[in-house]
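Go ahead and model the full structure; you've got the sequences and the hints to work with.
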Amino acid sequence: MKHITTRTIFRFAAFTMCLSVAAPMATLSDSSAVASAGRIALCRGNNLWGAYAGTGAATGNFIYNIALINVGHTTCRLTGYPQIQGVKDGRTYTLPISKHGTFAGNLTSTVLSPRMSGELLLSVADNCDALNTGSRRAIDQVAAANTYTDLTIKLPGATGDVYVTGFKVDIACGLEVSRLGWSGN
Numbered sequence: 001m002k003h004i005t006t007r008t009i010f011r012f013a014a015f016t017m018c019l020s021v022a023a024p025m026a027t028l029s030d031s032s033a034v035a036s037a038g039r040i041a042l043c044r045g046n047n048l049w050g051a052y053a054g055t056g057a058a059t060g061n062f063i064y065n066i067a068l069i070n071v072g073h074t075t076c077r078l079t080g081y082p083q084i085q086g087v088k089d090g091r092t093y094t095l096p097i098s099k100h101g102t103f104a105g106n107l108t109s110t111v112l113s114p115r116m117s118g119e120l121l122l123s124v125a126d127n128c129d130a131l132n133t134g135s136r137r138a139i140d141q142v143a144a145a146n147t148y149t150d151l152t153i154k155l156p157g158a159t160g161d162v163y164v165t166g167f168k169v170d171i172a173c174g175l176e177v178s179r180l181g182w183s184g185n
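One point on numbering: in our numbering, the residue at position 128 of the sequence shown is 128, and numbering is uninterrupted.
Honestly, the hints are just simulated from the structure, not real lab data. What you are looking at is a predicted structure, and each value in this text was computed from that prediction instead of being measured. Virtual Cβ for every residue (Gly too), placed ideally from N, Cα, C. Some clues are possibly wrong.
[As the list claims (entries may be wrong)] Here are the computed distance ranges between Cβ atoms for each label pair:
#1 Gly134 x Arg39: 51 to 59 Å
#2 Pro96 x Thr133: 34 to 42 Å
#3 Ala158 x Thr59: 34 to 42 Å
#4 Lys88 x Gly134: 15 to 23 Å
#5 Gly160 x Cys128: 28 to 36 Å
[Said to hold, decoys possible] Result set (EDC-like, lysine to aspartate or glutamate): computed pairs, CA atoms no more than 16 Å apart in a straight line:
#6 Lys168 x Asp126
#7 Lys154 x Asp170
#8 Lys154 x Asp126
#9 Lys99 x Asp150
#10 Lys88 x Asp170
#11 Lys168 x Asp140
#12 Lys88 x Asp150
Spelled out as structure tokens, the structure:
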């Protein structure tokens, strides 16, 4: 059974309050109310705004948090693993994903009302042979060859893309990508 966080309860309460004019309010213990979240349409790229929200680090791993804000007029569901593209030398490349789920964990699918935010976590390491052997010059060359900017998040279900500008990531040691959603923290 899916763990329901406080944030999910508040989101669901706000959603059901909007429906209460036309129908009686459902409670979270009502299994049909929880199941109805699956019928909410997937978020579309043209309704989301993406921004780099910060970096954390632990034991040789960097965790990047990307905020995804619903700027549309309808509620949508943020879920699934996206594809990631990055720009290098003016060209766009699909980035290889080494693992689904990140060093910092994974996210839980979520429902976004207008103006609510979800997130995406990206994790990379700096402790692989590519970045820890050879001269400083050789390591810098490897890092430069594997550094990308201005990410494109290709949403699951071909529902569009979300662009994140001003972001830079070195994936020489691999790229771990979380599910789209919310951490519940």
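Checklist line | Hints breached by this structure | finding: 2, 7, 8 and 9
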